[in-house]
Structure formats: C-alpha cells, structure tokens
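Novice: One-letter residues, chain by chain:
There are 4 protein chains.
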Amino acid sequence: MARIAFLGLGVMGAPMARHLAAAGHSLVVHNRSPEKARAWVQAHGGSHAATPAAAAGGADAVIACVGTDEDVDRVTQGPDGAFRNMSAGTLFIDHTTVSARIARKIAEAGRRQGIACVDAPVSGGQAGAENGTLAAMCGGTEEAIGAARPLMEAYSARIVHVGPDGAGQLTKMVNQIAIAGVLQGLSEAVHFTKAAGLDPDKVLEAVSGGAAQSWQMVNRWDTMMRGEFDFGFAIDWMRKDLGLALDEARRNGASLPMAALVDQFYAEVQAMGGARQDTSALVRRLNE
Amino acid sequence: MARIAFLGLGVMGAPMARHLAAAGHSLVVHNRSPEKARAWVQAHGGSHAATPAAAAGGADAVIACVGTDEDVDRVTQGPDGAFRNMSAGTLFIDHTTVSARIARKIAEAGRRQGIACVDAPVSGGQAGAENGTLAAMCGGTEEAIGAARPLMEAYSARIVHVGPDGAGQLTKMVNQIAIAGVLQGLSEAVHFTKAAGLDPDKVLEAVSGGAAQSWQMVNRWDTMMRGEFDFGFAIDWMRKDLGLALDEARRNGASLPMAALVDQFYAEVQAMGGARQDTSALVRRLNE
Amino acid sequence: MARIAFLGLGVMGAPMARHLAAAGHSLVVHNRSPEKARAWVQAHGGSHAATPAAAAGGADAVIACVGTDEDVDRVTQGPDGAFRNMSAGTLFIDHTTVSARIARKIAEAGRRQGIACVDAPVSGGQAGAENGTLAAMCGGTEEAIGAARPLMEAYSARIVHVGPDGAGQLTKMVNQIAIAGVLQGLSEAVHFTKAAGLDPDKVLEAVSGGAAQSWQMVNRWDTMMRGEFDFGFAIDWMRKDLGLALDEARRNGASLPMAALVDQFYAEVQAMGGARQDTSALVRRLNE
Amino acid sequence: MARIAFLGLGVMGAPMARHLAAAGHSLVVHNRSPEKARAWVQAHGGSHAATPAAAAGGADAVIACVGTDEDVDRVTQGPDGAFRNMSAGTLFIDHTTVSARIARKIAEAGRRQGIACVDAPVSGGQAGAENGTLAAMCGGTEEAIGAARPLMEAYSARIVHVGPDGAGQLTKMVNQIAIAGVLQGLSEAVHFTKAAGLDPDKVLEAVSGGAAQSWQMVNRWDTMMRGEFDFGFAIDWMRKDLGLALDEARRNGASLPMAALVDQFYAEVQAMGGARQDTSALVRRLNE
Ligand SMILES: NC(=O)C1=CN([C@@H]2O[C@H](COP(=O)(O)OP(=O)(O)OC[C@H]3O[C@@H](n4cnc5c(N)ncnc54)[C@H](OP(=O)(O)O)[C@@H]3O)[C@@H](O)[C@H]2O)C=CC1
Ligand SMILES: NC(=O)C1=CN([C@@H]2O[C@H](COP(=O)(O)OP(=O)(O)OC[C@H]3O[C@@H](n4cnc5c(N)ncnc54)[C@H](OP(=O)(O)O)[C@@H]3O)[C@@H](O)[C@H]2O)C=CC1
Ligand SMILES: NC(=O)C1=CN([C@@H]2O[C@H](COP(=O)(O)OP(=O)(O)OC[C@H]3O[C@@H](n4cnc5c(N)ncnc54)[C@H](OP(=O)(O)O)[C@@H]3O)[C@@H](O)[C@H]2O)C=CC1
Chain A
1 MARIAFLGLG VMGAPMARHL AAAGHSLVVH NRSPEKARAW VQAHGGSHAA
51 TPAAAAGGAD AVIACVGTDE DVDRVTQGPD GAFRNMSAGT LFIDHTTVSA
101 RIARKIAEAG RRQGIACVDA PVSGGQAGAE NGTLAAMCGG TEEAIGAARP
151 LMEAYSARIV HVGPDGAGQL TKMVNQIAIA GVLQGLSEAV HFTKAAGLDP
201 DKVLEAVSGG AAQSWQMVNR WDTMMRGEFD FGFAIDWMRK DLGLALDEAR
251 RNGASLPMAA LVDQFYAEVQ AMGGARQDTS ALVRRLNE
Chain B
1 MARIAFLGLG VMGAPMARHL AAAGHSLVVH NRSPEKARAW VQAHGGSHAA
51 TPAAAAGGAD AVIACVGTDE DVDRVTQGPD GAFRNMSAGT LFIDHTTVSA
101 RIARKIAEAG RRQGIACVDA PVSGGQAGAE NGTLAAMCGG TEEAIGAARP
151 LMEAYSARIV HVGPDGAGQL TKMVNQIAIA GVLQGLSEAV HFTKAAGLDP
201 DKVLEAVSGG AAQSWQMVNR WDTMMRGEFD FGFAIDWMRK DLGLALDEAR
251 RNGASLPMAA LVDQFYAEVQ AMGGARQDTS ALVRRLNE
Chain C
1 MARIAFLGLG VMGAPMARHL AAAGHSLVVH NRSPEKARAW VQAHGGSHAA
51 TPAAAAGGAD AVIACVGTDE DVDRVTQGPD GAFRNMSAGT LFIDHTTVSA
101 RIARKIAEAG RRQGIACVDA PVSGGQAGAE NGTLAAMCGG TEEAIGAARP
151 LMEAYSARIV HVGPDGAGQL TKMVNQIAIA GVLQGLSEAV HFTKAAGLDP
201 DKVLEAVSGG AAQSWQMVNR WDTMMRGEFD FGFAIDWMRK DLGLALDEAR
251 RNGASLPMAA LVDQFYAEVQ AMGGARQDTS ALVRRLNE
Chain D
1 MARIAFLGLG VMGAPMARHL AAAGHSLVVH NRSPEKARAW VQAHGGSHAA
51 TPAAAAGGAD AVIACVGTDE DVDRVTQGPD GAFRNMSAGT LFIDHTTVSA
101 RIARKIAEAG RRQGIACVDA PVSGGQAGAE NGTLAAMCGG TEEAIGAARP
151 LMEAYSARIV HVGPDGAGQL TKMVNQIAIA GVLQGLSEAV HFTKAAGLDP
201 DKVLEAVSGG AAQSWQMVNR WDTMMRGEFD FGFAIDWMRK DLGLALDEAR
251 RNGASLPMAA LVDQFYAEVQ AMGGARQDTS ALVRRLNE
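Going down the list, the protein sequences come from chains A, B, C and D. Start counting the first sequence at 1; every next residue gets the next number (the UniProt record's numbering). Start counting the second sequence at 1; every next residue gets the next number (the UniProt record's numbering). Start counting the third sequence at 1; every next residue gets the next number (the UniProt record's numbering). Start counting the fourth sequence at 1; every next residue gets the next number (the UniProt record's numbering).
The following block holds chain A by itself, in its conformation from the complex:
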C-alpha cells in the first residue's frame, strides 16, 4: 500500500481519494479551501496538509484533480508546489483536464527531478468518480503508466495508455469534440421533435436502436425533454475543454467548425444562466 498525497477535493477528486483510502492506501489530502480537506479527513480518515508541498512530503505518489492549467501549475511548480518536496523515484498523476502543453511542461520538470509523470484526464463524470468506474486516458512513458495503473484502478473501469506525455490530454480533447457534435445534433433532434408535436417516448424508442444512437441520446433524451439540467458535467467546464481543443487545433492545423460553433452556442446558454448546468442544456437556446 502506498503513501499518497491527493490535491483537489472537488466533485471529482473527493470520491477518487475516497476510493484510494478504501483500497487501503494512506492519504494526505490538500485543497485550496481547507474546509473541504478537513471534512474529507473527518469522513474518510488520513490527514490533511496546508500546502501541496506539505502534502507531498514523504509521499510515494502525488495525485491531482484541480481545475485549470494555472491550478495544476501552482500545485506542482508554484512556491508551495508539490514538486518542491518530491524525491526521485516518486510518481505524479494529473487527472485535471488541461492543455497538452502544460502536461508536457510538467513531465519535463518531473524528468529533471526523477519524478515519473502521467497526464490522465478522465471521463465518466461525477457518477463515474463516485462509483469508481472512470475511464482514464493516459499520456506518459510505459513505466510511469505501469506505476500509476494500480493506483488508478481504485476508481477506474478503463485505463488506456494512448501515447507519450500530453497524449492523455489530447485524447480528452477528441472526446469533447465528439460530444459537442453529438449534443448539438441531439438538441436539434429534441427541439424538432417538440416543434413537430411528436411523442418523445415513441420517437426515442424508434430511433435509439440504430445509426442515430449515442450515449447522450440514451442518457439525456428524457431530461432534455423535461428541461432538467441541474446535474452532470457543467457547461463552464465544457467551454474550458473546448477552448483547450480549439487552442491545440490552432497549433496542429485542424479545422473544427462545429466545435467552434457549439462553443459559441454555449456562451448563449451561459448568458441564459446555464453556466453550472449539464452540457445537455445546449438545447435551451433552441427551446426557450
């Protein structure tokens, strides 16, 4: 069993850390707002530290699930960052969805200190984190991912080593691009179904078994029809992720017309008050 520092106890991080503790690892947790760390320790044991550096002292592995590029930068390489206190032979796993650029920068810094780094953004959402059934898309060396895998298995149903440093983040971008198209198509399908006066249940029954099927159709059709959006993966996060993909596309030369358009449509839903709602709230700009 390993000594693990876990940084970031939000919607995703808290249940991930819980699964690690339940698996028998010994945890020191840290969170920007310390009350979350205190509450977590009260509920799940272990201890909490005031800074990433303090948490990392003596750890075999440091795992982060914070918010943005800046957050990851700060918790790793900031003045109180974990890297200040990590020794050669340790492991760093980042589950935050960030740019490939920062993932490579961290891996580079890790290499200089002998820290093995894995960029491993996840899909599966809050439910996946709670149930320990996340999918982790991983970038890094074979060895780094080999070392990380037993830890990640505590909360992941699927762990795929896609490629070198940053490949995990790039794969997450592919994931979000595909989702953007699915959701805009689904939003228009829902909107048209209503405008045409069709029975939504019958339509779903008729179309969900064939070429139009998608995870989103199976899991979001009913809530979109009822206008329920206060759950799931927040539009603010989705815009962050689409922004990462669009930035990366600027570098690699890809053209992403639909992703760019949907990103702007999300701006309209944010303006309608939907920033914290599930990405399926994309339909709101058509239905309201």
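Please note that the accuracy of each hint is not assured.
As the list claims (entries may be wrong) - Here are the computed lysine-lysine pairs in the BS3-like style, where the Cα-Cα straight-line distance is at most 30 Å:
| no. | chain 1 | residue 1 | chain 2 | residue 2 |
| --- | --- | --- | --- | --- |
| 1 | C | K194 | D | K105 |
| 2 | D | K105 | D | K36 |
| 3 | A | K240 | B | K36 |
| 4 | C | K202 | D | K36 |
Claimed, not checked - Label-pair restraints from in silico Cβ distances:
| no. | chain 1 | residue 1 | chain 2 | residue 2 | range |
| --- | --- | --- | --- | --- | --- |
| 5 | D | T133 | C | Q126 | 51 to 57 Å |
| 6 | B | G227 | A | V11 | 36 to 42 Å |
| 7 | D | T133 | B | E288 | 37 to 43 Å |
| 8 | C | G89 | D | T133 | 53 to 59 Å |
| 9 | B | G45 | A | G253 | 42 to 48 Å |
What the hints assert, rightly or not - Beyond 10 Å from chain A on every Cβ pair, some chain C residues (computed):
| no. | residue |
| --- | --- |
| 10 | E35 |
| 11 | A50 |
| 12 | G125 |
| 13 | G146 |
| 14 | G232 |
| 15 | G243 |
| 16 | R251 |
| 17 | P257 |
These aren't lab readings, by the way, just hints derived from the structure by calculation. Cβ coordinates follow ideal geometry from the N, Cα and C atoms, glycine included.
Given chain A, put chains B, C and D with the ligands in place with the hints provided.
Specialist: Chains B, C and D with the ligands only, in chain A's frame:
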C-alpha cells in the same frame, strides 16, 4: 399469407421483398427499370408487372420503397398508380423516406378509397434490409399499423407506432438530424486525432466507452480513419433527407443550425465526388 | 406612352405603379385583395380589374410584383392569369423575387405566345420603390430588356441586364447571400461592442471608413444599437429568398454554409416575434 | 519636432516610421532582425539601436508596431525593453494588434513610471501605411491621445479616441468580427455566381450599389473572381486577430458564432497553403 405488390426493387426494396417471399407471401413486383423486376423474379419467384396499377390488382397489400416524393406520388396516384387498382379494405405501406406532407396526402387519398395507409420509413441501411433487422418508424391509425405489422415483421427487428399519418416521416427526420450532429462531431474528432498524431486505435479504446460514444463512433471510426467510404448510406440520400427536415422546420418553426450547416458541408463532399459514398465521408472535406 | 397592367399593389408594387402613372402611362391595376386596387385608383387614377386576365386585356405590357413562385404562377398562367389575355408582341416584366426555375418556365410559356419576358427582381427596398431609385437585375433577351427598360426607368436608378432568362433571379440570390454574411458579421460586431462596454458612436466612427465598411453598417448600426427594427425588409421575405438560394444551390452544387446558418438564425428571430421586422433584427438573438 | 524611437519595421512599421521622418521628427529605429533596421536607416536617415531600451534612451516618444502580445511585452517590459529607459513625461504608442489585457497591463506599468500610453491598432493595411492614410482606433486618457495625435497624423487619415486603455484594441476586434462576416458572405456570393454561370461583372454592377454593398465587395470581387490573393492582409494575422476577439468574448460573455466558424474556415485555407494570402482567400475553400 397475403398477396403483396412490392414497388421499387432497389438497394432496400429488393431484400425487403425477398424476406416477404421467404415468409411465404405471394408477390407481384414492379420496378421503374423492368430488368430489376425480372431479375428479382428469377431469383425469388413470384411475378412482375409493368405498372404499379397492374401489380396492385388483386393485392391485399401494396408496399413501396422508391426514392422521392415524386416517385411515391407517381406509384400511388399517377396515371398508372397503384391506387387506381386497389379496393376498399386493402393496405398501403410506404417505406420510402419522403415528406410528411406527401404521407398525409396519400393517407387522405387512401381514406377516400378505404385503403389503410402507413408511412413507415426505415433505418438500418442496406445491411438491415439484407438481414431483416430494420427499424420501422410508423405513422397512421392503430388499425393500419396493426394490419401492417405482421408484414413488416418479415424484415424489421423493431416497429414503433409513433403517431398519426406523417409521424413516421417526421421521426425519420429526427433520426437524420441527430446523425448529422454525430457525424460532424466524429469527423472533427477523427481529423483532430490525425492532426495531433495520436494512435487511432488507442483513442477509440479510450473514448468509445463513455459520454462520447455513438453508433457511428463504434461502427465508422476505423473506416473513417482508413478513408473507406464506398458502402453504406449515400450522401445523396442524406442530403434529400436533410432537405426534407429543413423544409419541415420551415413550417414548424424549428431552428436547425447544425443540420443546415452539415447539409452544406455535404455539398462540398459531393463536389469532391462523394455523392454515392457513405455519410461518414463527411470527414473528407477536413482530411483531404 | 404605354398601356400597362400592374399586378400586385403591395409595399413595393404600389409605389412602382404610381411612378408609372406619374410618367404618363395608362394603368389598369389588379390586386388579390381588391380594396388595395380600389384605393390605388382613387389616389392615382387609371382603373382596376378583378382578375389578372381582365387587367391584361389590351395592355402593351404586364408588370407583376406579387409574393412567391405560386403567386407568379397564378397571375400569369392560372385560370384567370394574364397570359390568357396577352397577344403576341406584348411584354411581361416580373419584379417578384422568385426561383430561376419559375422565371424560365414563364419565359418559355411567353415564347410560345410571342410574349417577351423579363425577370427583374429589385433591390432598394420600400424606400427605393417610393423614391423611384430601385436597382433592377434583369434576365431575358436583349430585345425583351430593351423593351422593358423605358418602363422600368420610371422607378429604377439602375437597370442591369445580367444574362438570359432567370439570370435576374439568380443575381438577386447572390445579393441576398452577400447580405446574410454582412448582417451576421454586423450583428456580432454590435453585440461585442455592447458586451465590451464600448461607445457605439465612437466605434462606428473608427471602423466605418475602412475594410469593415458596408451599406448595412452605415445604414443599420445605429438602429441595431437602439434595438429598432420595425421598418425595412422583413425577415419573412429574407427567409423566402435564402430558401430560394439554398434550393438553387442544391441544383448547381454550391455550398453556402453561412447562408444556411443565418437562415436558421432567422428562424430563431421569427420565434422571438421578429417575422415582420427588418433583417437587421438578426442581432436580437444575441442581444436579448 | 520630437525624438522618436520606433520599434518594429515590418510591412506596417517601416512606412509609418518613414512618414514620421519625412515630417521632420528625429528617429532611432529598432527591429528584431537588425538588417531591416540598417536598411531603413540607409534609406531614410536617423539611427538604429540594438535593443528597444537603447532606442528609447532620450526619446520623447516610443512607438511600436511589432506582432503579438509576447512581442509587445518583450519590447516594453522585457529585460531590454523600452520601459527600462523611458523617463516620466514620455509617451508610448502601440500600433500592434494585440489583446486588451496586454494594452491595460502596459498602461498600468506606464502609469507607475509616468509614461502616457496609447493603444492604437490601425486599419487600412499596407496601402494605408504606405500612403499615410491609416485609421487609428485609440484607447487611453484624453491627455495621452492628445499627445499622440500630432505624431500619428503623420500616417493616419483618421484618429478616433474610443475610450480608456484597451478600447482601441477592443474596437479593432469589432472591426475584424464585421469583416469576417462580410468576407464569408462575399465568398459564398462569388462561389454561387460561378456555380450559377453568371457574368461576374454584370452581377457586380447589379448588386454593388445597394444593401449588399461592402468595402470588400467593391475592392475584392474582381480579384476573388480571378483567384488572386497574393497581396493584402494575411490570413495568419486575421486568425491572430479573430483569436483575440474570441478570447475577449470568453471574458465578456459575447457569442460570436460566425466569427468562430470563419476562424475555422481560415484553418482550412491555411492547410491549402493560404497562410500568407489576403483574407479574401476565404473563397478558396469553396472554389477549389
Ligand atoms: N465534474 C466532472 O464531471 C468532470 C470534471 N473533469 C475535470 O476534472 C477537473 C476537476 O473537476 P471538478 O472536480 O468537477 O471541479 P471542482 O471545482 O469541483 O474541484 C476542483 C477542486 O480543486 C481545488 N483546487 C483548485 N485549484 C487548487 C489549487 N491551486 N490548490 C489546491 N486545490 C485547488 C478546488 O478547491 P476549492 O474548493 O478552493 O475550489 C476544488 O476543490 C477539471 O479539470 C474538470 O474539467 C473531468 C471529467 C468530468
Ligand atoms: N439505402 C439505404 O441505406 C437507405 C435508404 N432509405 C430510403 O429508402 C428509399 C430507397 O432507397 P434505396 O433502395 O437505397 O434506393 P435505390 O435507388 O436503390 O432504389 C429505389 C428503387 O425504386 C425504383 N423507383 C423509383 N421511382 C420509381 C417509380 N416511379 N416507379 C417504379 N419504381 C421506381 C427505382 O427504380 P430504378 O431501378 O429505375 O432506379 C429503384 O429500383 C429512399 O427514400 C431512401 O432514402 C432509407 C434507409 C436506408
Ligand atoms: N499587415 C497589415 O496589413 C496590417 C497589420 N496590422 C497589425 O500590425 C502588426 C504588424 O504587422 P506587419 O507589419 O504586417 O507585420 P510584420 O511581420 O511585417 O512586421 C512586424 C515587425 O516587428 C518586428 N518585431 C517583432 N517582434 C519584435 C521584437 N520582440 N523586437 C523587435 N522587433 C520585433 C519584426 O521583426 P522581424 O524582422 O525579426 O520579423 C517585424 O519587422 C501586427 O500586429 C498586425 O496584426 C494591422 C493592420 C494591417
């Protein structure tokens, strides 16, 4: 067992008629280009007729799977149309993907003659027709669909009665709208994967189990990656279908920005020579 | 001076007919709702007729400015259509914005009767019609346009013979396509100006002299900023025109992604109650 | 007459500096690649300096026209930046198109040192710079712009004080957003004109006087028709500028669907080799 007139022996119609014959029904077939009808009879028995009207004489049910609104109009109500020769108490099933307007017009004409009409466009493609696993989305009265169901079961795995006359066609539009979004998202995902230099198999493994999953992703990712498009559902048909949806939206007030955009992107693929290629060839305008 | 039958006394037709009367021509007018025709005669002299055919009897030229393809078809070739009563050597000018297909069909019918036909949709709007400063974009033979020109000069500042039958209509489509792009760009510029908290007058002063300049910017910036839209060219008409362009593009293979998208955005403005508002109300879906 | 340090002698900067010298000011120029500075001095007199700081020593005003946010940051606040060597009471004018954020950051730094700062991106392109007829859209205090105006008049036909620090940059974004819409509309109009087989000269004559008119239509229609794009404002710069607008919109909440889409279409033209071509090369993705 019923006496059935089958009109239209194309990619879809020929195998549907074959399943009916195999189920023991007695068939008279008709096709615009008579050689297809002759060949079908040679292979599967029954007889062929020179006109829809001739085929319909004495039939319990007339089933059509032709091309467009004009085609359906002609085979039902044209000078040699089937309706000239159908008596009260018979059944007309249309599997062509057409407008809701023409479906309602035919049902109206049927009502005057005592012919029960079902609009029942299908999904599942050529493979579904060959294997008898189509999904039929049906509009019409409870009785009409009740009468049609045993016949359609010869080639359908799923038969859903969605609503009144035209509801089948409207549901097919919903289906195509959803597919358009899925395919544009998937095209950009494929394109980005290549631009980013990722291993396509690893990416698929990582993303196909979660929120980005779709039938198209599972069934088209590999062929899109390899640039194989000479199979499946033709772009020409897809543009016809999106055109039907966009026309209907003009009437019911729905806004379909993505469907409209993808329809234009398909024009670009047609200009690249892709008119007869599978709808997944949408990726060609990004990759070439 | 000529004997002219004028069909359609709407926002555009009434002032056009008035300019013809003022130029000394003798007019018989007809309008679907007869009260408009009676009112026009009361104000401007001449006489009115109950049907297009009646109006056309004895006329040297018949000029139409009605609504849609169906309307033009009816007033020319319907049971009471003008063509029933026109003799060889007369002239037909159509100012309605319609499809190139119907323009060609009418010209073809005209040719069989010895009627010279001109398709001459106009730009310049209500103001252009009132002031007699319209621009007419014309399709037809050199002779037909030569004959039509002196009449059209009564209300046109610019008359361009673009090409054969239908070329006038196709040119009008080009015009509307260009406008759609300009207006969406301008809408986003206005919206961004507000979101950025800039002084609209200063911004207009800074940008209206250069590469971003457009007729719409010069003439609509202020009203868009103030949210005034109850004037000008109605969105319902614009959608009809974009529909004509998109239909024609289906035939000629052009891809019009932006026109298709803006057409859908207009559906959103129609749903907001903007159907009769000026096309610049496109900004409403961003600003409200 | 003033002592002026001019930083950045590219397509825009070199002629701007030339106009200043011609107006009698005394210039010290600096450019990243020193050969441009040497050549400029050979042609127009003055002297050149190895670093921005060296150029700025003793200057009354420092004027920059470099490339990006990073470039402006470096030439002002980098280790060899001009601000190291500027004294209270001097003036800094930035003609580079950059973010409002960096403009505000520089103004803030200027304020601490008593340097008056103006963000003054320009429009008018290379021709405007050569002919001294640029339009400068300015952000800053009344005093700063008052001081800058006489210098900028050497190469500007129009100078508008739009608002506080950053307002010049925000106005330039408005300009580019409007242009993006105009150019996509125009590209589709050009493409449709060709697909419809119309005479481009006649079409231009017919549509350029009315509601579809734009600077781009008047100045680019012919070259777009002929496929000439090796001049003008480069697509690489346009994507930078649209990127700035889209980034700013993320902050101010604006939705820019068309700007986002056109930005991606430009990626397609870059992939076709159009990175250095005029922005009107947007039509290439439709015509080729
Ligand atoms: N929610 C979801 O469904 C999914 C989220 N993700 C990604 O996972 C990441 C986390 O998402 P989620 O858990 O929902 O977000 P939350 O905002 O709920 O959690 C982020 C946590 O990180 C902490 N944090 C941020 N910065 C720092 C810092 N510098 N030092 C210490 N702690 C810090 C925050 O602290 P504080 O309490 O102070 O805010 C917060 O508790 C994001 O990148 C997101 O895109 C990926 C897949 C699904
Ligand atoms: N292909 C697919 O994967 C799917 C197709 N569809 C829909 O099913 C319909 C048929 O598609 P598909 O089978 O692929 O098309 P095909 O073109 O292969 O078949 C259409 C058949 O109808 C015949 N036909 C057309 N008009 C007439 C007429 N007036 N009188 C007699 N026969 C006529 C044609 O004859 P001829 O031999 O002279 O051309 C042809 O054999 C379309 O509406 C399509 O959108 C729906 C789902 C999937
Ligand atoms: N071109 C146009 O039509 C218009 C351009 N603009 C904007 O004006 C700016 C300049 O454009 P343009 O002149 O065309 O671009 P160029 O690339 O031709 O010129 C930029 C110049 O700045 C120099 N430079 C860049 N960074 C530094 C640095 N750190 N230190 C010293 N010199 C530096 C470059 O040096 P080096 O020789 O080493 O590359 C180059 O000479 C851009 O922001 C552009 O968006 C605005 C309106 C129109």
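Novice: Which hint numbers does the structure go against, in order from smallest to largest?
Specialist: The structure breaks hints 3, 4, 5, 9, 17; every other hint is satisfied.
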